[in-house]
Structures are given as structure tokens and as C-alpha cells.
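Letter by letter, the chains look like this.
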Amino acid sequence: MAVDRSDIQGNVLRAYGSSYPCTAYVFAHVSDAGGGRAWLGSIAEAVSSDEEWRGSKPSSHRNIAVTCAGLRALGVPESVIGTFSDEFRQGMAARSEMLGDLGVSDPRHWDGGLGTGAAHVLVILNGRARDEIEAELASLRASIERAPGVSILHEQYAELLLVAGAAANVPAREQFGFADGAAQPAIAGVSDDAAAGGGVPLAGGAWRPLALGEFVLGYPDEDTLVDPQKRLPSAPADPLGRSGTYVVYRKLRQDVAPFRRVLRDAAARFVGGDEELLAAKVVGRWRNGTPLVTSPGRPDPGFSATAPGSNSFRYLDVDVDGRRCPLGAHIRRSNPRDGLGWPALDDAGLLSFRHRIIRRGVPYGPPLPADVLDDDGVDRGLVFVCFNASISRQFESVQLQWLNDGNGFHLGHDSDFLLGSPLGTGKMTVQGDPPFMLSPQGPFVTTRGGEYLFMPGIAALRALARGIGG
Amino acid sequence: MSNTSGQATAFMALTPIQPGEEAALRSFLEALPQDGSPLARLAGTHFARWVILRDWVNDPSQPREERLESPYLIFTSNFDGPLDPYLDELCVKLTPEAREIWGRCVGCPPDATGPQLKAYLLHNKIDTGFFVAAYPNSTVAQVKAALAAREQLIAFAMRAQDMGPDELFRAFAEEF
Chain Y
0 MAVDRSDIQG
10 NVLRAYGSSY
20 PCTAYVFAHV
30 SDAGGGRAWL
40 GSIAEAVSSD
50 EEWRGSKPSS
60 HRNIAVTCAG
70 LRALGVPESV
80 IGTFSDEFRQ
90 GMAARSEMLG
100 DLGVSDPRHW
110 DGGLGTGAAH
120 VLVILNGRAR
130 DEIEAELASL
140 RASIERAPGV
150 SILHEQYAEL
160 LLVAGAAANV
170 PAREQFGFAD
180 GAAQPAIAGV
190 SDDAAAGGGV
200 PLAGGAWRPL
210 ALGEFVLGYP
220 DEDTLVDPQK
230 RLPSAPADPL
240 GRSGTYVVYR
250 KLRQDVAPFR
260 RVLRDAAARF
270 VGGDEELLAA
280 KVVGRWRNGT
290 PLVTSPGRPD
300 PGFSATAPGS
310 NSFRYLDVDV
320 DGRRCPLGAH
330 IRRSNPRDGL
340 GWPALDDAGL
350 LSFRHRIIRR
360 GVPYGPPLPA
370 DVLDDDGVDR
380 GLVFVCFNAS
390 ISRQFESVQL
400 QWLNDGNGFH
410 LGHDSDFLLG
420 SPLGTGKMTV
430 QGDPPFMLSP
440 QGPFVTTRGG
450 EYLFMPGIAA
460 LRALARGIGG
Chain X
0 MSNTSGQATA
10 FMALTPIQPG
20 EEAALRSFLE
30 ALPQDGSPLA
40 RLAGTHFARW
50 VILRDWVNDP
60 SQPREERLES
70 PYLIFTSNFD
80 GPLDPYLDEL
90 CVKLTPEARE
100 IWGRCVGCPP
110 DATGPQLKAY
120 LLHNKIDTGF
130 FVAAYPNSTV
140 AQVKAALAAR
150 EQLIAFAMRA
160 QDMGPDELFR
170 AFAEEF
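From first to last, the protein sequence lines stand for chains Y and X.
When we follow numbering that gives the first Met the number 0, the leftmost residue of the first sequence carries the number 0, and every step to the right adds one.
When we follow numbering that gives the first Met the number 0, the leftmost residue of the second sequence carries the number 0, and every step to the right adds one.
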């Protein structure tokens with residue numbers, strides 16, 4: 000089945016990337032279905048698709064997603080809503096206990112009405128510069144003011160932290176100071192050239208890209224590939240079933256100063272007092288993105304995340320015991336590649352390949368200046384956004400089984416050290432001779448809000464604006 | 000033998016639910032607390048559950064539909080040691096709940112406790128075809144103690160990372 004990119008919303012398959020570093024997220028509340036649909040129709044006209052641009056690069060992009068409460072508020076009948084996945088219909092806040100959003104991350108403390116059921120429509124604006132985004136925002140706000148029964152619930156601005164003076168292929172950093180977002184799943188018919196490292200690891204060192212249906216509904220997924228009847232994976236009822244994707248939105252506050260202090264203090268006891276090596280051990284990559292597996296001693300100063308093969312590595316061939324990249328390092332947890340397998344399992348990626356996500360997170364807030372170790376009280380972090388065909392099988396599985404717990408990696412209840420989790424022990428073991436243990440810390444990352452959303456295909460979005468019958 | 004794995008035993012009882020009692024039974028089961036579950040009173044329990052089997056699942060391709068004549072209650076438990084003393088304990092410690100649960104099933108003695116309840120459960124017992132216990136030779140108490148020892152050792156190892164040999168020796172002797 001050929002990919003109809005003109006029907007898939009932009010940024011899903013092809014990242015807007017560093018050309019569009021400025022992003023605004025606007026959550027709207029709809030109190031009148033007719034008014035909401037009319038407004039949606041008016042703003043849906045200018046939604047960007049995933050197609051290649053004709054002519055010059057647009058100055059900005061607009062994309063739209065809806066929550067389950069939003070579908071209801073727009074008058075979608077229950078018979079259609081019932082065809083959406085359980086987790087989407089429950090919403091992120093209802094699943095907070097399972098997700099580890101406890102204590103300070105509890106939905107009761109979330110920002111801007113997120114998680115209360117009041118967030119209905121999310122409009123995402125991406126732009127080249129802040130002033131262009133502001134102009135787009137002003138026009139969007141005006142459209143909401145004019146629309147009966149529509150109001151703004153919450154706005155969030157985010158901006159890529161580009162490395163000053165760096166070439167376009169140098170990945171942006173997240174607030175802790177690490178390259179982020181360069182490694183993405185390789186998809187058949189979309190990004191086949193990234194299969195080595197981004198796809199499914201096969202026996203004998205080969206890789207293959209993933210089926211599009213893992214990320215975009217209405218297309219064959221990995222089950223369809225082996226199903227003799229070639230049944231499509233479950234998607235919402237038509238006209239919403241084609242070209243859509245489920246969106247996970249999480250505002251994650253990062254406490255950078257305590258993270259730096261913990262690294263500094265722990266490094267004093269670490270081999271050679273090497274703070275940068277310890278930081279890399281926590282993440283699994285050096286700050287510039289060089290993988291520890293391929294470069295365990297030092298970062299490659301010329302590392303390019305987009306160079307062919309830069310992300311092509313496995314764990315079991317050279318690092319089965321985690322001496323290079325710890326078994327509990329952030330990237331080894333979030334995408335274990337072949338690392339969950341064992342020698343007799345000839346399909347190296349069998350236990351991880353159904354749990355991949357497309358990540359489109361953007362940092363928010365000003366970065367903490369280098370070398371500052373004291374809290375400045377400024378709210379900063381990451382607007383984590385990911386796309387997947389099944390929130391429970393993909394995003395939630397990664398979060399629950401791989402980041403919040405260590406059992407899958409034979410690490411007991413150890414959770415991801417970077418994110419922390421009140422469900423885990425909070426400690427991290429850096430394998431070595433002798434092993435080095437990082438003591439449990441308060442969480443460096445706090446959930447400040449979140450929603451599960453559905454980003455319809457372009458035709459589906461227009462159908463939603465026209466109104467969907469039972 | 001098929002009911003045992005190491006020292007662990009599997010038990011299953013299948014009992015028809017009395018007409019009109021299914022909804023009340025379902026509400027009662029759904030209201031049971033998971034923290035402080037009544038089954039936790041039986042300290043040797045590894046896993047246990049009640050399941051209401053309402054009807055067969057009929058596939059559109061089968062020649063004719065099949066229906067259960069009544070809904071059934073399934074109880075399964077995996078536990079330490081042999082069946083007999085476990086059921087004795089169950090029939091005493093689950094007395095308040097047993098009346099609400101098996102008391103709604105066909106043929107359950109009016110006084111759903113003690114030897115009468117045990118005889119009823121044994122009468123409706125279904126043997127296991129194949130049973131695997133994750134810890135066939137460790138009791139629940141041993142598993143819990145091992146986990147606690149692991150936590151203690153991890154905490155000690157973290158505290159001891161910077162100690163010299165003499166200090167480490169003293170601290171270890173003191174802790175364990």
C-alpha cells in the first residue's frame with residue numbers, strides 16, 4: 000500500500016526539524032459542538048500535510064489533534080468514539096498511577112487544566128522564528144475569540160536548543176545538555192535509508208525498516224505482514240480511520256541544577272573522576288550524541304547524527320554485559336534494539352520492535368547557563384510529543400516496563416536514572432570492574448501535564464469539522 | 000502430579016452461579032480491595048483469582064451457537080504446600096467473603112464455612128493439566144525474605160562504595 004503523504008499531517012513522518020525551531024501548543028476548549036466544528040473547519044484549511052513542499056519553504060506549519068473529550072465536545076457519536084482505543088478514551092490522567100505520575104507529578108498538580116477533561120483540541124504551530132510564531136498565534140487566538148463556544152484553555156511555547164554556530168545536521172540539545180531526537184524509527188517507504196540502527200535488527204547483522212502501520216493508522220502494520228488474511232490493524236471507524244495517529248503529549252519539567260550537582264558529586268567517586276563519562280553512562284550517549292557502544296572511551300568530535308550508520312549499533316554483539324553502555328542507560332531502556340534477546344533467539348529485535356515511537360519533543364524554557372549548579376527557580380523542560388498507532392503497546396510499554404522498572408533488563412526495580420520514578424528504586428548501576436552505583440535521587444523530571452490525543456488524517460479532520468453521523 | 004510444581008500447588012474450582020445472582024456477585028468481587036485483599040490472609044498464596052464466566056464466545060464461522068446454561072464462577076489459586084491444609088485455612092479465614100461468593104453458587108451449603116465449604120470446593124475441583132510455578136521450591140515467605148535481603152544488600156553496597164577494606168569488613172559484620 001503506497002503512502003499517501005498528502006493525507007497525513009505534517010511532522011508525523013518527516014520532522015519539521017531544526018528549520019522550524021519554534022513551536023506553540025494551544026489547547027482549546029469547546030463548549031458548543033456546532034461552533035467548535037465551524038472553527039475547526041476554518042483552521043483546518045491551512046493544516047500542513049506530510050507532502051514535500053512545492054516551491055519555497057513555508058514560514059510556518061499548523062497541525063491539529065483532538066482528545067477523546069474533544070471528539071465528544073465536537074459531537075462525534077458514541078458509536079464512533081467506541082472504536083478508539085481504551086487508553087485514548089480513558090485519557091492520560093486516568094492512567095497516571097500506572098504511568099508513575101505520582102506525588103509532585105500527580106494530575107492534581109498539572110498546569111493549565113490539562114488532565115481535567117477540559118482540553119479538547121490541540122493546535123500545534125511550528126515556525127522559523129519567534130516573531131513569526133507570535134503572528135500565527137495572534138491570528139489563531141483571534142479565530143478562537145470569534146468562534147462561539149470555543150475558548151483557549153492552555154498555551155505552551157517551546158523552542159529547540161540549537162547548538163550555537165553548529166551545522167544543520169548537529170542535533171539540538173535537551174535541557175540536561177544532551178543531543179536529542181536524532182534517533183528515530185525507520186519506516187518502510189518513508190525512511191528506508193535509516194534502517195540500519197533505526198529499523199528492526201535481524202539475525203546476521205542486517206536491519207529492516209518498520210511497517211508504516213506501526214505509526215499511521217489505516218496502513219498495514221507488523222502484524223499484517225505475517226497475517227495470511229492481511230487484516231489491517233484496528234483503527235477508529237471511518238471516516239476517521241485513515242492516516243491518523245495517536246499522540247502522547249507530556250509537559251516534563253527538568254530540574255537541571257540538581258542533576259548537575261548529583262553528577263558532579265558522584266563523579267568525584269567515579270573512575271578518574273570523569274564527570275562527562277558518568278553523564279554519558281546515565282544516558283548511553285555522549286552529550287553530542289556519540290553512542291557509548293561504538294565510542295566507549297571518548298566522544299567523536301565530528302559525530303553527525305545524520306551521517307549514514309551513525310545510529311547503527313547493537314548491544315549483544317559487543318556489549319552484552321553493559322560495560323560500554325550500562326544495561327540501565329536511558330537509550331538502552333527506551334530502545335533496547337537486540338538487547339532483550341538471547342543467543343538462541345534468531346530474530347534479534349523480536350522483543351522490542353513492536354514498541355517504537357516517533358518522538359517530536361521540543362524543550363521549553365530558557366536553558367540553565369553552563370556551569371550553574373544552583374536552582375534559579377525557572378520552569379524549564381521538555382514538551383514530549385510522540386506518535387504511535389497504539390499508545391498502550393508503544394508509548395506506555397516503553398514508559399512502564401522499560402523506563403519505570405528494571406525487570407526486563409534483569410535490574411530488579413531500578414528505574415531510569417534520568418527520569419526517575421516513584422515506582423522504582425531510583426538507583427543506577429554502572430557496570431564495570433568494580434561496578435559503580437548512583438544513589439537514589441529525588442526525581443529530576445516532573446510531569447506538569449499531559450493528554451492522549453488523536454491526530455486525524457487531513458480528510459478525516461475535514462470530516463470531523465463537517466460533523467460525523469452515527 | 001499435574002497439580003504441583005515443586006512444593007507449590009495449583010487449585011481450581013468451577014461452580015455454577017445461582018439464577019439471578021451474577022450481578023450481585025460481580026459487584027461484590029469488583030468491590031474487593033486489591034491492597035488488603037482477603038486472599039492475602041492466606042499467607043502462602045502466590046496468585047489467586049475469581050473469574051465470572053458468563054457465556055461461551057461464539058465465532059461467526061461455527062455451525063450453530065452454543066450457550067452456557069448458567070454463568071459460572073472460577074476460582075484458582077497457586078500456593079505453598081499441599082491442598083488439604085490450604086483449603087482448611089481458606090475455609091476459616093475467608094468465612095465473611097465465602098458467604099457472599101460461593102454462597103451465590105448452586106449447591107453451596109447454607110453455612111459456607113469450615114468442613115462443609117471445603118467439601119463443596121473439593122467436589123467442584125478441576126484438576127490442572129500442566130502447572131508451572133515461577134518459584135517452585137521457594138515459598139512466598141522465602142521470596143519476600145530474599146527480596147528484603149536484596150534491598151538490604153543493595154543499600155549496603157551503595158553505602159560501602161567508598162569504604163576501605165577494614166571499614167568495609169566492620170560495616171559488613173555490623174550489618175549482616
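There may be inaccurate statements among the hints.
[Said to hold, decoys possible] Okay, derived cross-link-like pairs now, SDA-like style, lysine to any residue, Cα gap no bigger than 20 angstroms in a straight line:
hint, chain 1, residue 1, chain 2, residue 2
1, Y, LYS56, Y, ASN168
2, X, LYS143, Y, HIS409
3, X, LYS143, Y, ASN168
4, Y, LYS229, X, PRO59
5, X, LYS143, Y, LYS56
6, X, LYS143, Y, LEU410
7, X, LYS117, Y, ASP130
8, X, LYS143, Y, LYS229
9, X, LYS92, X, PRO59
[Unchecked claim] Derived Cβ-Cβ restraints for the label pairs, each shown as a range:
hint, chain 1, residue 1, chain 2, residue 2, range
10, X, ALA148, Y, GLY441, 52 to 60 angstroms
11, Y, LYS229, X, MET157, 36 to 44 angstroms
12, X, MET157, Y, ASP299, 54 to 62 angstroms
13, Y, GLY468, X, ASP58, 24 to 32 angstroms
14, X, ALA30, Y, GLY102, 50 to 58 angstroms
Simulated from the structure, these hints should not be mistaken for lab results.
Glycine residues also receive a C-beta, built at the ideal position from the N, C-alpha and C atoms.
Going down the list of hints, with the structure as the test:
| no. | hint | verdict |
| --- | --- | --- |
| 1 | Y:LYS56 with Y:ASN168 | holds (18 angstroms) |
| 2 | X:LYS143 with Y:HIS409 | holds (18 angstroms) |
| 3 | X:LYS143 with Y:ASN168 | violated (51 angstroms) |
| 4 | Y:LYS229 with X:PRO59 | holds (19 angstroms) |
| 5 | X:LYS143 with Y:LYS56 | violated (62 angstroms) |
| 6 | X:LYS143 with Y:LEU410 | holds (17 angstroms) |
| 7 | X:LYS117 with Y:ASP130 | violated (77 angstroms) |
| 8 | X:LYS143 with Y:LYS229 | violated (47 angstroms) |
| 9 | X:LYS92 with X:PRO59 | violated (45 angstroms) |
| 10 | X:ALA148 with Y:GLY441: 52 to 60 angstroms | violated (26 angstroms) |
| 11 | Y:LYS229 with X:MET157: 36 to 44 angstroms | violated (53 angstroms) |
| 12 | X:MET157 with Y:ASP299: 54 to 62 angstroms | violated (33 angstroms) |
| 13 | Y:GLY468 with X:ASP58: 24 to 32 angstroms | holds (30 angstroms) |
| 14 | X:ALA30 with Y:GLY102: 50 to 58 angstroms | violated (27 angstroms) |
In terms of the numbered hints stated before, the structure departs from hints 3, 5, 7, 8, 9, 10, 11, 12 and 14, listed from lowest to highest.
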